[in-house]
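From first to last, the protein sequence lines stand for chains A and B. Counting along the first sequence from 1, when you hit position 269 you're at 269 in the working numbering, and nothing is skipped either side. Counting along the second sequence from 1, when you hit position 80 you're at 80 in the working numbering, and nothing is skipped either side.
Mixed in with the good hints there might be a few duds.
FRET-style restraints, in silico, Cβ to Cβ [to be verified]:
no., chain 1, residue 1, chain 2, residue 2, range
1, A, L526, B, D81, 53 to 63 Å
2, B, R13, A, N156, 20 to 30 Å
3, B, R243, A, V467, 23 to 33 Å
4, B, F146, A, T200, 52 to 62 Å
5, A, M268, B, N235, 30 to 40 Å
6, B, D46, A, I40, 56 to 66 Å
7, B, N235, A, L36, 31 to 41 Å
8, B, G136, A, L346, 20 to 30 Å
9, A, T482, B, R13, 28 to 38 Å
10, A, I40, B, P107, 39 to 49 Å
11, A, I510, B, P40, 31 to 41 Å
12, B, R15, A, A343, 29 to 39 Å
13, A, M268, B, V30, 13 to 23 Å
14, A, I40, B, K72, 40 to 50 Å
Treat the hints as calculated values from the structure; they're not laboratory data. We put the beta carbon where it would ideally sit given N, CA and C, even for glycine.
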Amino acid sequence: MLTSKRLILAHFWLAFIVFGVALLLGAWQMLVRSPLVPWISNPEWYYRSLTAHGTIMGYAFPTLIAMGFGYAISESALGQPLIGRRWAWLGFGLIVVGAVMAMVPVALGLASVLYTFYPPMIGSPFYYIGVVLVVVGSWIWVALMVVNLAIWKRANPGKPVPLAMYANVAGSLLWAWTAVGAALELLLQIIPVALGLSATIDAGLARVFFSWTLHAIVYFWLFPTYIAYYTIVPRAIGGKVYSDTMARIAFILFLVVSMPIGIHHSFMDPEVGAGFKFLHSAFTALVALPTLITVFTICASVEIAARLRGGRGLFGWVTALPWSNPIMLAVAFSFVMLGFGGAGGLINMHYQFDATIHNTQWITGHFHLIFGGAIVIMYFAIAYDLWPHLTGRAFTNLRLMRLQLWLWFIGMIVTTFPWHWVGILGMPRRMAYFDYTNPALAVDAFSVILSVIGGFILVLSGILFIVILLRGQTAPHAESGTYRFATAVHPPVTVPAALNGYALWVALMIGLTVTNYGYPIAQLALRPGTAVPAVYVGGQR
Amino acid sequence: MSPAPSSHADSWRPRAIGLTVLAFVVSAVVGFVALPLAQPDLKLKDVWDAICSAAGVASRQTAVKTIEPDFKVSSVVLTPDLLNLEDAQSIGRGATLAHQCAICHGPAGISRADSPNLTGQYASVVYKELKDFKTGARVNAVMTPFALVLSEQDMIDIAAYYAYLPRLPSSIIDNSKAPRIVANGDPMRGIAPCGACHGELDNKRGSPRIAGQPAAYILSQLQAFASGERRNDINQQMRTIARRMTPTEMEAAARYYSGESR
């Protein structure tokens with residue numbers, strides 16, 4: 001039962017429009033640092049574009065998808081109209097205002113600090129305040145999801161919360177807590193300096209605060225994708241979820257262990273003790289668990305669908321799958337990219353391995369493969385699945401959708417595999433310029449050209465995606481029925497209270513944050529003489 | 001179809017908390033005790049020492065003696081106050097004091113003798129160089145005697161005065177003709193682009209703006225940094241860069257910034 005269709009469509013459309021802009025910027029960045037064109041001779045243009053690309057792709061795009069999809073889940077899974085629709089529009093409005101406020105100084109070159117902020121670099125205060133508004137807008141969504149579930153629970157005492165909503169609220173709670181790190185960094189440290197109230201900043205403390213947000217934010221991006229794996233894919237291909245309980249455990253594991261692991265982003269930083277680095281490394285290993293559970297459960301669910309369609313044999317059932325169905329294609333591509341990206345992630349979480357690829361293009365390759373590949377391709381699938389129910393019009397051209405997904409998959413592989421390779425060769429990331437005539441860099445030239453080609457394949461796929469959505473918006477009206485989620489082989493009759501609520505898991509999440517972050521933060525905050533002068537960006541020339 | 005019985009919740013809670021605590025304790029023992037003690041180089045006394053070391057508690061190694069340099073190092077600290085010298089009285093006093101500078105640096109801060117042009121230079125820069133001449137961190141037969149007699153306030157006033165004067169116009173150099181070393185540097189040799197700190201692309205606090213300086217002066221300073229004759233760059237950044245620059249690159253940068261290659 002989807003009643004807030006305009007609200008949900010507004011979130012999706014804004015998300016995909018800003019995504020399209022950021023995609024073009026990304027391709028341009030790859031081109032200008034490649035051997036294919038003479039250099040632009042001004043690094044500032046590059047970093048300006050990079051800041052916009054990262055801010056949009058990291059903060060605006062996935063947040064809008066999670067919010068729009070979250071509203072759709074709340075209405076369809078709970079079977080009740082969204083409570084607080086006006087508040088939802090307010091949250092959307094805050095994101096629009098925040099995004100504009102942040103992007104104007106970036107476009108003017110007054111905030112080329114990259115989306116990870118990198119203090120002591122300090123840009124225009126409007127950039128940071130804009131980002132804060134985006135986060136505040138998303139917190140309204142968090143509150144609405146919690147309230148809607150609470151009202152449903154009161155009306156349905158003892159009933160199991162539908163899986164999609166259970167996961168959705170877990171994701172929103174994770175985001176609420178993980179955004180606190182960056183919020184503290186912005187409000188206590190960066191914004192006072194940007195406003196001129198202080199001229200020095202403790203960059204080490206700021207990096208620790210940011211790591212609090214930086215890793216778990218990836219799991220917030222990932223939640224819509226995992227929800228789609230469990231609740232859209234089995235239904236779309238005519239199967240059932242292998243285990244509802246496994247799904248719930250996967251989601252609460254994300255809630256507990258994706259948070260206290262962020263310092264693995266700071267392995268090479270001097271301000272955190274080696275013991276805490278090890279602790280975060282160990283918990284990073286644990287976060288692979290929910291992904292392994294998911295891979296197993298989804299493969300089993302897909303096998304169920306194949307056998308229902310007459311698939312036979314140990315692996316022969318794979319051919320019985322509905323490969324012409326775009327959702328089937330998307331989940332297969334997503335898993336392949338998740339596999340490669342996850343394998344790369346295992347390298348990154350090891351202190352010694354990380355030392356060899358830290359700050360190289362390997363890292364750029366890794367997070368593009370995971371986020372841009374495994375996660376975003378499922379965002380496409382979510383849009384394809386939901387669109388007919390939002391617009392009341394049916395997609396007619398599945399061939400075009402398959403082509404779009406193929407192009408995205410090929411484009412992402414061609415972009416990121418060479419990046420991993422040049423990263424191993426030592427090519428640094430975040431560089432505006434490379435001199436390929438230098439013998440030491442000449443070996444990178446061919447791989448870099450390959451990845452540029454991949455980047456333009458991605459642009460092509462992105463354009464095709466927007467075209468498909470636009471055509472879906474103008475197709476003839478068609479009744480698409482009630483939007484529903486996949487059911488489990490054994491639909492939950494009773495669920496342990498722990499897997500029907502969040503109190504225990506939120507307590508563990510906060511407890512582990514205290515144990516894993518408490519001392520490093522307190523030590524840096526209390527130690528005198530750790531602040532360094534701010535480096536103002538776009539100031540005096 | 002009955003609601004979830006509470007006994008389920010009871011068994012989940014202790015198990016979940018127990019497993020989490022176990023994961024934490026095992027990781028902590030390995031990370032804070034076993035791994036530090038396995039590294040003989042850390043020279044840890046006991047378990048508590050290992051825990052403190054792994055937690056990152058700041059400690060001073062008493063066995064290591066600080067090596068004192070055999071030359072004077074710069075003692076300048078750039079405070080926020082020093083970066084914004086706009087006091088009218090200070091500028092006025094600086095104007096009077098600057099009469100003694102005019103013979104080389106020109107009455108309006110524009111030199112006709114290949115000495116640096118000081119007009120519009122950042123106050124922090126002029127102050128730092130004066131102070132370094134006074135303390136001996138930078139040595140010059142002509143400048144040192146002048147700086148020795150200046151008080152702290154005199155140096156601040158002179159810096160404020162020159163910062164107050166108009167900058168040389170950007171048009172004296174042609175941005176589009178910036179040589180590679182200025183626009184790109186050379187990442188493989190660890191050379192940052194000159195323009196990233198010294199103006200035209202970007203400026204970093206404490207770095208002089210060098211557009212419009214005489215080519216002979218820029219070249220002589222690069223050579224002085226490269227040879228180690230000048231060493232008042234606090235983190236050796238200019239010595240490191242200049243040592244790796246070729247004579248051709250030094251000349252190209254000097255000619256570009258002076259406007260001669262225009």
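Taking each numbered hint in turn, which are not upheld by the structure, reported in ascending numerical order? 1, 3, 4, 5 and 8
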